[in-house]
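Engineer: One-letter residues, chain by chain:
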Amino acid sequence: MSFKYIGKPIPPHDAFQKVTGTATYTIDLELPGMLYAKLVTSTVPHARIKKIDVSRALEVPGVVKVVTGRDYPYRVGMYAGDRDLLAVDKVTWVGHPVAAVIAETLEAAEKAMDLVDVEYEELPAVFDPLEALKPDAPLIHEKMEEYRHSPAFKPVPGTNIANKFTLIKGDIKKGFEESDEIIEEEFHISHVSHCYMEVQNVIAHYHLDGTVEIWTSWQNVAPVRQIMALSLGITHNKIIVRIPFVGGGFGGKAGLGWEALVAILSKAAGHRPVKLVLSRKEQFSSAAVREGFHAFAKAGFKKDGRFNAYNVKFILDAGAYADYTVNVGRAVGYSADGCYEIPNIYVESLTVYTNKIPTTALRGFGYPESHWVLEQIMDRAAKKLGIDPAEIRLMNLLKPGHSYMGTGERLREDAGDPKKVLTTLVDEIGWGKPSEKPSHPWKIRAKGLALFVKGPAQPPNAASSAILKFNEDASIDLLIATGNFGQGTITALMQIVAEEFGLPLEKIRVDYVRDTHKSAYTWQTVGSRGLFTDGIAVLGAIRDAKKQIFRVASEVLRCPEDQLELVDGEVRVKGKPWEKIPLQDIVMGYTYPNGNSVGGPIIGRGVFMSTHTTYLDPDTGQGNPTIFHTFGGTAVEIEVNLLTGEINILKAVEVLDLGKVINPLLVKQQIHSGLIMGTSISLYEQIKFDERGWVINPNFTSYYLARIKDIPREVVGRFIETPQLDGPYGARGIGEHTMIGVAPAIANAIFNSIGVKMNKLPMNPENVWRTIKEQRPDLVEEAMKKFSEHRETVEMII
Amino acid sequence: MSFGAPYFTLPEFTYHKPKTLKEALELLDTYRDEAKVMAGGVGLVAFMKERLMSPSHVIDIKEIPELKRVEYREGAGLKIGAAVTLSELENNEIIKKKYTALYQAIKKAADPIIRNRATLVGNICEALPWVDGPIPLIAYNAKVEVMSLNDVRLIPVSDFIKGPVEIDLAPNEIATFIHVPDPPPESKSTFLKFNTGSEFALATMAAHVVGSVKPKEVYLVYGAVSTKPVRASEAERIILTSENIKEAIVEAATKASQEIDVVSDVLASEDYRRHLIKVLTINALKSIFEVS
Amino acid sequence: MGRLITLTVNGIRRSVEVKDNELLLDVLRDKLKVKSVKAACWRGECGLCTVILNGKLVKSCLVLAVEVDGSEILTVEGLAKDGELAPIQKAFIQHGALQCGFCTPAFVLASHKLLEENPTPSEDEIKERLSGLICRCGTYYEIIEAIKDASKYYQLGRKPR
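Residue numbers (our numbering), protein chains in the order written: chain W, 3 to 800; chain C, 239 to 530; chain E, 799 to 959.
Here chain W stands alone, though its shape is the one from the complex (with noise of 0.2 Å):
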C-alpha cells in the first residue's frame, strides 16, 4: 500500500517556529499586573521550624507578601501525596523550600528572599538509603498514614518506605537450587538531573471568583488540574490549565510541579497574576531529579545457559519526597525481567525517604536501572558458562505469543520480534568480527550489547481522546492534549490526518497551546504512549468524522455510504469518480441548490481505553500492566583509554522493533536523541553531595552533560515493522527506549574484553580508571609502560 504521508520522512510541524524564534515558551510570558516570586530555601537537611521572621524582608520596597507552609499546610501528589506546597513543620532536605517572597519586581523579591529569617531546631538526618531503612533510622515522613495516596502503591507507615513493590512468580528457592552458577553483584547508579533547557516556570492568577488560571512548562495540562483539584479542593471546572510551547520535559515535568504553590500565592498576594521562574541552581538543589539506584541482585543459571531465578532487591534513594518515584519503583520491580523467559523470580523493590533532593522520573521510567543490572548479569553468566553473551540472550528471550513474562503477563503474538531484533543488532555491530586495532597501544577496543523492552507505565484505565472540527476551507483542527516538548508525537498525528482524508498535511491544525477547556483529554504523555494511545483516539476521531460525511454525502449523491471512498480532498463515488463533492461542500453541512440543508458541522471524537490491562497484585505484583511491548537492543563498540579511563563510543547500533514507522525522520531524532542522552548519563552526569546531602555542583560546569563534541562517532539506527495489531497503522511507541540499553552494552564490552566489572555509574574517566586499577592494576601498569615507551610524537597523544 502506497501512502503519501504515512512513512514518509517530514520535518517536525512546528520547526518554523523554532527557527524563527516565534515559538513561545512559558517563560516567555507576561501577564498585565504580574508579580514575582523567589523562593527562600532550608539550609539543613532535617530540622523542625522553630520560626520564620518575615517582617524585615516585608520592609523591602515592592514586596507584596511573604508566604509561609503554615499558612497553607495543604499537601499534594498523585502517587504518594507526601507533598507540601512549602515546608510546614519541618524541613527535609537542603534546598528544601521554606518560603516564597512575592514582589512587584524580581531584583525586590531577590533582595528581600535574603531577608527572610527561619530558626531551626536541627533534627538527625539520613542521607544513605540503606541506613534510612535501618529500624533506628530518623523518620522522615512520620506522617505517612494521612497521605492520600494511589490505591496501587504500598507505603509502610512507621519506616522511611514510600513504596514496596513485590514480584513474585514460581518458587525462588527452588529455582536456586535446581541452577548450576549462581551470580551475586551489587549495582549503583548516582542521581542524575534531567537538564531540560527551559526550567521549570509557572504564572498562576487565582481570581477572587475562585477561577485559577495556570500557565505551566509542564508535559501535560491534565494531571496538573487533576491533583491541584484533590489537594485544594477546587472543583476542575474552575481549574483552567495552559501549556504553550516546552523546553523539555524528559519525564520531569509530569505529574505536579510548582502550579499549586504558586495559584495559592496569586491568592495570597491579592489575586493578582504571579510567576515563579526557577534558576538553574534550584532545578539542581529544590525540584525533583532522578533518584539515587541500589540493586542487590542473585541470579541462577542452569549449565546450558537457561536463566533459572532471578532474586533482586531494588533501593532507589528517592529523597524527601516520592510521588512520582513510588510509580518507577515499581516499573524498576516489574521491568525486572527485561527480554527473558525466567522460570522463578523474587524482586523487591523499596521506594526509600532520605533528607536528599526529591526526585521523579526520568526518560526510562525505571527500565534504565533494571536493565543496568540485568544486562549485565547475563553477560556474567555467559563469561562463567563459557556461552557467546548474543547466544545466551536468544536462549532466554521472551517468545511473543508463547512466552509469560515476570507479571504473569502473557505476551501477545503481536508484540514484536525479539528475535529478529538482536540478529540485526548482532549483525549490524559485526559481533564476533574482531575490532580494528586501537588507534595507541594502551588503548582497547571492544564491543557490548544489550536488548531492552519497555512499554508505558501507566494506570489500566489511562485514557486519552481527540475531537478533529473542520473549518469552512475544510482544513482540519485537531484538538488534542498530546505533550509538545521535542518528540514530535503531534506531526505524526497530523500525518495521520492528512493520510486518512487525502488532504494535503498544511491543512492539518494543532494549536500550540494545551488547554483544559479546550483540547480533548488524553491522561499524560509520559512512556512513549503518546503515538499509541493518543493515535487510536485520533484515528477514533477520523472515523467517526468520515462516518458523519459518508453519511450526507450518501444522501446527496444517492448512493450507499459503503461506496464512497475520500480522495485528494473530495467524497467520491468509487468506480464514478465523476461523481464527487469537494469536503468544503459537507464539513460545514451541504446545501442543496434550492436552500435546502442537511448535515452539518463535522466533528470527529475518538477514544482511546485500554480493556485488558489491569493493577498489579499488591502481593505478587501479577497483573496485566501494559499496553505494548517495545523491544529493542544497543549495541557499542568502544574504545577504552586504559591510561586516563576515557571511553569513546565509535559506533552506536540502535535496534528496534516499532510496528510500523510513522516518521523516519522523527525515529532517527528519537534514536539519536535517545543514545546522545544515555551516552551523557553513562558516561558523565552525577550529582554530588556533600555530608549534609547539600548539592555542591548545581550548574553546568561542576555537572558535565554531553555536548556536541561528546556524541558517538557513528551511529546506526535500525527499525523493524513487526505490526502491533492495535496500534495506529500497526505502531507503537519509541521515545525513551533507546536510552536504556547504552550503559549496560557499554559495561558489557568492558566486561568481555578485560574482565573488568563496572558495576557504577557514570563510568567518567576517574571512576572507569579507579574500577580497572582495583580489579586489574596490571592492565593500569601495562599502559603506562607502553604509554612511556611509545616511540611517536604527536601534540597531544593521549
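Heads up, some of the hints might be wrong.
Said to hold, decoys possible - Dumping the calculated SDA-like pairs for lysine to any residue here, alpha-carbon to alpha-carbon at most 25 Å: (1) K300(C) / S386(C); (2) K829(E) / E106(W); (3) K10(W) / L505(W); (4) K257(C) / S869(E); (5) K950(E) / R715(W); (6) K166(W) / T615(W); (7) K400(C) / E472(C); (8) K833(E) / L33(W); (9) K831(E) / P249(C); (10) K831(E) / G35(W); (11) K255(C) / E870(E); (12) K306(C) / N852(E); (13) K690(W) / P367(C); (14) K854(E) / V308(C); (15) K854(E) / I332(C); (16) K306(C) / E870(E); (17) K345(C) / G35(W); (18) K385(W) / G160(W); (19) K145(W) / R72(W); (20) K831(E) / F721(W); (21) K817(E) / K10(W); (22) K833(E) / D30(W); (23) K385(W) / T773(W); (24) K346(C) / E508(C); (25) K345(C) / R715(W); (26) K335(C) / E923(E); (27) K255(C) / K854(E); (28) K300(W) / T622(W); (29) K334(C) / S869(E).
By construction, these hints were calculated from the structure, which means they are not laboratory data.
Since the structure of chain W is provided, determine the placement of chains C and E on it from the hints.
Structural biologist: What follows is chains C and E alone, placed relative to chain W:
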C-alpha cells in the same frame, strides 16, 4: 558555605567607562574597595550574579586604547593589553608561531563564544584554580604590569596569583598588561589539558624547555590540580641534570606526580590527578624532546 | 534613574532606558521583547542566550546592557530576508535539527556565524565551534547535517545577508 546562588539579577552598582588609563586609575583611586575593574566581564558578571562580589562601582576598561593592543618586539617580547580578547589572541600569528604553549592554552580555553569576550589578563585576575591562562605564562616567565596612579609594578605571574581568587593587586591598582619575554632561540613548549567529562580541566600542564638536546632551562607548570598554579621543581632538576633525557622522562614525571600539592575537589580526586600529572608530563616531555 | 542607550536590533534602531546592573539578555527579552533569546543557566555555560553583537557571537547573560550602547545586534528574528527564511534556517527544518526548540535560535545563529567565517568546516571544526552550546534533546547529529547542507550557500561569496 554556598553552592551556587539562585539569583537572576545583579546587585546594584554604578557603571563607568573611562576613555583613558589615567581616568580609570583616578576612578579606582577614589572608590578603591568599592570598585571592580571589568574587561570581558565573563568572570566579574558571573561572580556578581552569585553575590561573591558586590562592588558599588564597575570600571569598564574596554575603551582605553593602549589596553586593546597586542605588541611584539624582537628581544623585548609580547605585550598584551588587558582588554585584548582570547579570540584576538587566537588569531595572532606571532603567538601561534613563537609561543606554542600559550597559543594551545588559548585555543582550548572555555569555548569560542566565551573567547570573544574573555581576556587573558582577566583570566589571571580571576585566579580560579582551573583557569588555563596563567599556566603557560608562568612557563614563559611572564610578568603582570600593575598600575596605580602613582606607581607601576612588574610582578611575575607566579607571584601575582597567591591563591584561589586571591591576587597581588591593591584596591587602587589595575592589571594593565602582560609581558611575555621573547623565548630564547632553542625554546620548545607545549600545553596539555585534560578535561574529558568536565567543563573545567581536571589537570593542565605547560612545559617549556630551552635547549631540546641539552636543556639549559626547564619549566614544568601545572594547573587545576592545586589551589593555584604549581611548578614541579624537583622534576625540572631531574631533566636539567640528566645524562640521558629519554630515560629521565618517566623518572621526572613520577617525581612531578609526587612532589606537588594536589587537591581533591568536586571535579576529581587527588590520586587521579596525580596519575594525570604523570601522564601529562610524560606526554609533554616526549613531544618536546621528540622522543622517537 | 536609568541610562538611555541605543541599540540597532535586527536593523531597527531602538532606544531604551536601562539600569547599570541590567544584563543585555534581560533588556533584550523584557524591555525590547526579543524573546528568541533564551536562557537556561544564566551563567554563560549553556549558550542559549547567544546573540551576534557587532558581528561576533557573545553570550548575552554575561554582557551589561550599558556596555553595548550604540551596538548592532542580530538575533534569529533578523535572519529571514524579504519573507524568505535564510538557508541555515531552511536546513535546520529539512534535517529536523530541532526537537523542543528552546536551543534552536542560539544554534541557528552560531551555525550561521560559523559558516560565514568558514564556509566549509570539517565535522571536528563544527564540534569545536559549537562546544559552548547545549542541546539537551540531543539534535547534534542533525545540526551537523544541516550545517553541511547549508554550507553551499556560504561558498562563492554568496552571503545570505
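Engineer: Next, verify each hint and record whether it holds.
Structural biologist: Right, here's what the structure says about each hint:
1. K300(C) / S386(C): Answer holds: K300(C) to S386(C) is near 17 Å, not above 25 Å.
2. K829(E) / E106(W): holds (16 Å)
3. K10(W) / L505(W): holds (15 Å)
4. K257(C) / S869(E): holds (17 Å)
5. K950(E) / R715(W): It holds: about 24 Å lies between the C-alpha atoms, which stays within 25 Å.
6. K166(W) / T615(W): Measuring from Cα to Cα gives roughly 21 Å; hence the hint holds.
7. K400(C) / E472(C): At roughly 21 Å apart (the allowed maximum being 25 Å), E472(C) and K400(C) satisfy the hint.
8. K833(E) / L33(W): Given pair K833(E), L33(W) holds - Cα atoms ~15 Å apart, limit 25 Å.
9. K831(E) / P249(C): holds (23 Å)
10. K831(E) / G35(W): The hint holds at about 17 Å.
11. K255(C) / E870(E): holds (19 Å)
12. K306(C) / N852(E): holds (17 Å)
13. K690(W) / P367(C): Satisfied, since the Cα-Cα distance of roughly 20 Å is no more than 25 Å.
14. K854(E) / V308(C): OK: K854(E) and V308(C) at ~19 Å, within 25 Å.
15. K854(E) / I332(C): holds (23 Å)
16. K306(C) / E870(E): At roughly 20 Å apart (the allowed maximum being 25 Å), E870(E) and K306(C) satisfy the hint.
17. K345(C) / G35(W): violated (48 Å)
18. K385(W) / G160(W): Violated, because 44 Å separates the two Cα atoms, which is more than 25 Å.
19. K145(W) / R72(W): holds (16 Å)
20. K831(E) / F721(W): violated (44 Å)
21. K817(E) / K10(W): violated (52 Å)
22. K833(E) / D30(W): Holds, at roughly 6 Å.
23. K385(W) / T773(W): Distance of about 19 Å is within 25 Å: holds.
24. K346(C) / E508(C): Status holds; Cα separation ~23 Å.
25. K345(C) / R715(W): holds (23 Å)
26. K335(C) / E923(E): holds (21 Å)
27. K255(C) / K854(E): holds (21 Å)
28. K300(W) / T622(W): holds (19 Å)
29. K334(C) / S869(E): With a Cα-Cα distance of about 31 Å, the restraint between K334(C) and S869(E) is violated, given a limit of 25 Å.
Of the numbered hints listed earlier, those contradicted by the structure are 17, 18, 20, 21 and 29.
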